[in-house]
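Chain order of the listed sequences is Z and S. Numbering of the first sequence is given in the numbering used here, commencing with residue 1 and proceeding in unit increments. Numbering of the second sequence is given in the numbering used here, commencing with residue 1 and proceeding in unit increments.
Subject to a maximum C-alpha distance of 25 angstroms in a straight line, what follows is the list of computed SDA-like cross-link-like pairs (lysine to any residue):
no.: 1; chain 1: S; residue 1: 150; chain 2: Z; residue 2: 29
no.: 2; chain 1: Z; residue 1: 150; chain 2: S; residue 2: 183
no.: 3; chain 1: S; residue 1: 150; chain 2: S; residue 2: 176
no.: 4; chain 1: Z; residue 1: 195; chain 2: S; residue 2: 173
no.: 5; chain 1: Z; residue 1: 150; chain 2: S; residue 2: 182
no.: 6; chain 1: Z; residue 1: 150; chain 2: S; residue 2: 133
no.: 7; chain 1: Z; residue 1: 107; chain 2: S; residue 2: 157
no.: 8; chain 1: Z; residue 1: 195; chain 2: Z; residue 2: 185
no.: 9; chain 1: Z; residue 1: 150; chain 2: S; residue 2: 177
no.: 10; chain 1: S; residue 1: 135; chain 2: Z; residue 2: 84
no.: 11; chain 1: Z; residue 1: 107; chain 2: S; residue 2: 81
no.: 12; chain 1: Z; residue 1: 135; chain 2: S; residue 2: 167
no.: 13; chain 1: S; residue 1: 195; chain 2: Z; residue 2: 179
no.: 14; chain 1: Z; residue 1: 195; chain 2: S; residue 2: 74
no.: 15; chain 1: S; residue 1: 150; chain 2: Z; residue 2: 37
no.: 16; chain 1: Z; residue 1: 150; chain 2: Z; residue 2: 42
no.: 17; chain 1: Z; residue 1: 195; chain 2: S; residue 2: 168
no.: 18; chain 1: S; residue 1: 135; chain 2: Z; residue 2: 160
no.: 19; chain 1: S; residue 1: 135; chain 2: S; residue 2: 104
Hint data in this document are derived by calculation from the structure and do not stem from the laboratory. Remember, it's a predicted structure, so these values are computed and weren't measured experimentally.
Protein chains: 2
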Amino acid sequence: MPKRGVYERDAINAILDEGFLCHLGFAVEGQTYVIPTGYARSGDQVYVHGSAASRMLRELISATPMCLTVTLLDGVVLARSAFHHSMNYRSVVVLGEARQVTEREEKLEALRCFTSHVLPGRWDEVRLPTDQELKATSVIALPLNEASAKVRSGPPVDDEPDYALDIWAGIIPMRLVAGNPTPDARLRPDIPARKYLIPGAVVTE
Amino acid sequence: MPKRGVYERDAINAILDEGFLCHLGFAVEGQTYVIPTGYARSGDQVYVHGSAASRMLRELISATPMCLTVTLLDGVVLARSAFHHSMNYRSVVVLGEARQVTEREEKLEALRCFTSHVLPGRWDEVRLPTDQELKATSVIALPLNEASAKVRSGPPVDDEPDYALDIWAGIIPMRLVAGNPTPDARLRPDIPARKYLIPGAVVTE
Chain Z
1 MPKRGVYERD AINAILDEGF LCHLGFAVEG QTYVIPTGYA RSGDQVYVHG SAASRMLREL
61 ISATPMCLTV TLLDGVVLAR SAFHHSMNYR SVVVLGEARQ VTEREEKLEA LRCFTSHVLP
121 GRWDEVRLPT DQELKATSVI ALPLNEASAK VRSGPPVDDE PDYALDIWAG IIPMRLVAGN
181 PTPDARLRPD IPARKYLIPG AVVTE
Chain S
1 MPKRGVYERD AINAILDEGF LCHLGFAVEG QTYVIPTGYA RSGDQVYVHG SAASRMLREL
61 ISATPMCLTV TLLDGVVLAR SAFHHSMNYR SVVVLGEARQ VTEREEKLEA LRCFTSHVLP
121 GRWDEVRLPT DQELKATSVI ALPLNEASAK VRSGPPVDDE PDYALDIWAG IIPMRLVAGN
181 PTPDARLRPD IPARKYLIPG AVVTE
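The whole structure should be built from the sequences, with the hints applied where relevant.
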């Protein structure tokens, strides 16, 4: 089967850990909003953060059940018929109610997770958050107990008679690529960039 | 300003035309869902499609206002402080009520848009939809009159004293790359692949 639901926690964790950009959905007064934002998994929960001034997180905290979706695009699927064109992807949908993280130590740990997830090792290099910065940051946690994954992989599936047609069919693989680090114009030239391993991305030389 | 709202239609159209995967948000009985799916812009509206059996589209058609979000990731922004780390991206959020496309000619035109948007020229090569396939496909249209874009670009913005720190800062550029087409195992070897230009993707040789 090219498309199937996956409920095993290991499979869900692997997708969550390979991505770092999610789409967060929530409703305010009957209108649904979907906002892209960063996230990091920590055990059985996902942390999402943003400015304390952000309307999104203020709303989420008191919201109806929300939805966090992560999608990794793997390819475009070209069938012989227009109808059977598709995409190969892996996605996770997490449903639930968000908990606001208020305790200082947990908030700091969540921030460490965000940074370490996208840029392993970076947390040990950077100037760490001050108390004022911690106060200016909202962090919410979403439990993973209502999470599911959906995966489409493999070749196109055509209607049997269509296999005889003179039409190219197959997959165009898609991947996210991290390019060479571009230094800030104000960086002192004697400070070298390390090799950063962005999750889910191929690093070019 | 690194982050700003953009409301000009040309800027919104450019982002919508560069992407092809959106995240669609809608509410069913108080629960928000966010689902990844394909889309294509056609003038002042965006078409979204799926199987007629899909619960998502059935719900959307009678739904409260929905939200369609497209996000193009451009880079990871490394500041000297953990607090100012960010991402460069361009996103569009479209709010509104979906209209079900029922008329045969418009449905066919929407399907042509989906295919031609992701794979220019492909529509003229493939076996076109039968009446039965058209009936099995749901298409909805979402008007672009309530659309906005958000863009973050440029270098990290650090607190002034932090510029003196011995910490690398800059951008890791991110891009979507389309690999070499992989033929279906059942493809006749005498049928060549053409060069497909996937929107927003760099094509490798």
